[in-house]
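**Q** We have chain A already, so just place chain B on it with the hints.
Taken in order, these protein sequences are the chains called A and B. Under the numbering used here, the first residue of the first sequence is numbered 1, with each subsequent residue one higher. Under the numbering used here, the first residue of the second sequence is numbered 346, with each subsequent residue one higher.
Source of the hints: derived by calculation from the structure; they are not laboratory data. Predicted model, so just to flag it, every value in this text is computed and none were measured. Some hints here could point you the wrong way.
Unchecked claim - Below are the DSS-like pairs computed for lysine-lysine, each with C-alpha atoms no more than 30 angstroms apart in a straight line: (1) A:K253 <-> A:K148; (2) A:K16 <-> B:K448; (3) A:K148 <-> B:K357; (4) A:K113 <-> A:K16; (5) A:K250 <-> A:K148; (6) B:K511 <-> B:K357.
Unchecked claim - A short, non-exhaustive set of chain A residues, derived as facing chain B with CB atoms under 7 angstroms: (7) T28; (8) P164; (9) Y166; (10) G275; (11) F313; (12) I327.
Glycine is no exception: its CB is placed at the ideal position from the N, C-alpha and C atoms.
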Amino acid sequence: MRKKFTSPIYIFLLRKVGFYVLCFFVATFLIWAIPRLMPGDPIRMFVSQIYSSIGSGGPVPEKTKLLYEYYVKKFNLDKPYYIQYFTYLQSIITFDFSTSIAFYPAKVIDLVKMALPWSLALLIPAEIVGWIIGNYLGALAAYSRREKINNVALYAFLFISQTPYYWLALMLAYIFAFQFHIFPFGGGYSWGVTPSLTLSFILDVVWHYVLPFLSLVLVIIGGQAIGMREMVIYELGSEYMYYGKSLGVKDSKLTKWAFRNAILPQVTGLALSIGSAVGGQVVTEAVFGYPGIGTLIYTGVLREDYPLIQGGFTILLITTLIANFVIDILYVYIDPRIRRAYLGE
Amino acid sequence: MYASAFLSVVRKSLNLLIGLLIFLSIITFSIVGIMTAKHGPLEMVDLENLPPSPQRLLGTDSFGRDLFVEVSFGILNSLRIGVMAGLIATFIGIVIGATAGFKGGIVDEILNLFTNVILVLPALPLLIVLGSYLRIRNEYFLSLLIGIISWPWTARAIRAQTYSLKTRDFIDVSRISGLSDLELIMLDILPNMLSYIVMAFALQMGGAILSEAGLSMIGLGPTDIVTLGMILRWAYLWEAVRRGMWWWIVPPGLIITLTSVSLLLINIGLDEVFNPRLKRG
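With the rest of the complex left out, here is chain A:
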């Protein structure tokens, strides 16, 4: 086996890293540039907001001008655009998101650090469990010889996959938290409990975890099942299947072939579902008041805390890109054709 840096696997990894770095720059550039293209002068708004909150009976022209100029300087708006952009980029890359307004005087980076484990604990299991169950159900529906079952399954998958995450969250809360009182609604653990590594606290966390988890995982199951059902049906109708059948290969073996060929594109499906799951997570967390990044962003939106919104978004962005990268690498190991090409087995 070649171990030189020119071997295909390194080039592959390098290209992928380059691609995700590019994604990072495009996304951060978009959230820098688009607000600047929008109509309205944010500083003027801000200054007039300050005056209206003081209630000083109408702005005083000279003082308004002073304040206006102060903020223009503070946010570097008097400098050329490229300098503004590099100052912004510098703060993003060094994770220097300054101080939160909503949780003053806490630093945004500290808030994000506290919230990230909660979000990952929700997102990663939901994606994995949803992917496994979704693919299993999708394949099951496709194998079904009875057309009715197959069609009913398709409609069920379609319905659940198009359900808005937050509506599902509200419905689950309505049924399980307020009609049957099985699970609690709101927060990551009970009020007045200090987080600690005790059994009772962990049980409390799990008990609060169930509903947000379910509202994410159900939608993911629906989406993955649709994809898998399509893929298996396609494989079952392909030439090698007929050939195998004509040779008298057993049905159980044929279904195994179809499954193995259909599951590969579904790994790509997993990557594509991450972006939408991250979005769903933000709203689901907001609905449940779950102590993750989504709730932070929601608080940021409500309190117009832009450093918090930007910090939260940047972390979500990095999470999404890393997850995609991990799946790309997994794919190399799973697909025998690519594995041979890159690793030269």
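**A** Coordinates of chain B only, in the frame set by chain A:
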């Protein structure tokens, strides 16, 4: 004659028929509600928190508004945002996809890279950040934002179609007769993939309605009109869940879901009708 042509198309695909039926029922719901309304959707007309009754078909919310009227207007506004954002996304997708597929080479590589980059980004969080900077949040700005984030899927589909179409003989004939690239795309390529464009639009419209509702739920919805997402937001803020007011939560969410499902079914159905090779079972 049109009716019989329509029937023969619909008969080819059960999915298309079901999709159209759901979609038309939702529109009928909206029209009936708006026509029979004796007042605006945001006017207080009755006692607060009334469950559904023959007089108030979907009950009232915590402001004493008639939810049947509110939902009817909400459907209209959500659909309008869906259509506007869907048109913008489809338009950008066609321009980028057709250019990439037709030009090929370095232009294709750059545009394709750009498409893949936008595709990876988490759309809703990106929309939330951008939406939070919007000072005036009306339906037009929101549609524009949703449209400029969600075009990549369409661009991919259109690119693949253009790619396969441009090698056909009739394109060469047109090229020999002196048509420019733009004319070739406008006159030869796009008309031949009209079914794909309509399908892509249906998907974009459904996605846009979901995006708008997601933005509204976070508190970034339009400030001047009622949409299905805004009704859900109010229901959440006024704790309809805790107070057992299912009639405030179930209808708006169910209609969002069914609208999206119906548009997806129309997409699948059109595919079955226009690409009969794909039709199975």
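**Q** Determine for every hint whether it applies to the structure shown.
**A** Evaluated hints:
1. Distance restraint check for K253 of chain A and K148 of chain A: the Cα-Cα separation of roughly 25 angstroms lies within the 30 angstroms cut-off, and the hinted pair is therefore satisfied.
2. At most 30 angstroms may separate the alpha-carbon atoms for a hinted pair to count; K16 of chain A and K448 of chain B meet this at roughly 25 angstroms.
3. Taking the CA atoms of K148 of chain A and K357 of chain B, the gap is near 17 angstroms; set against the 30 angstroms cutoff, the hint holds.
4. Restraint check for K113 of chain A and K16 of chain A: satisfied, since their Cα atoms lie roughly 27 angstroms apart, inside the 30 angstroms limit.
5. For the given pair, K250 of chain A sits about 25 angstroms from K148 of chain A by alpha-carbon distance, which is consistent with the 30 angstroms threshold.
6. About 29 angstroms separates the Cα atoms of K511 of chain B and K357 of chain B, which keeps this hinted pair within 30 angstroms; it holds.
7. The beta carbon of T28 of chain A is not positioned within 7 angstroms of any beta carbon in chain B (closest approach about 10 angstroms), and the interface hint is therefore violated.
8. Because the beta carbon of P164 of chain A sits about 6 angstroms from the nearest beta carbon in chain B, less than 7 angstroms, this interface hint is met.
9. With a cut of 7 angstroms, the hint placing Y166 of chain A at the interface with chain B holds, because the nearest CB-to-CB distance is about 5 angstroms.
10. A cut of 7 angstroms between beta carbons decides the hint on G275 of chain A: the least distance to chain B is about 4 angstroms, and the hint holds.
11. Because the closest C-beta pair between F313 of chain A and chain B is about 5 angstroms apart, less than 7 angstroms, the hint holds.
12. At about 11 angstroms, the closest approach between the beta carbon of I327 of chain A and any beta carbon in chain B exceeds 7 angstroms, and the interface hint on this residue is violated.
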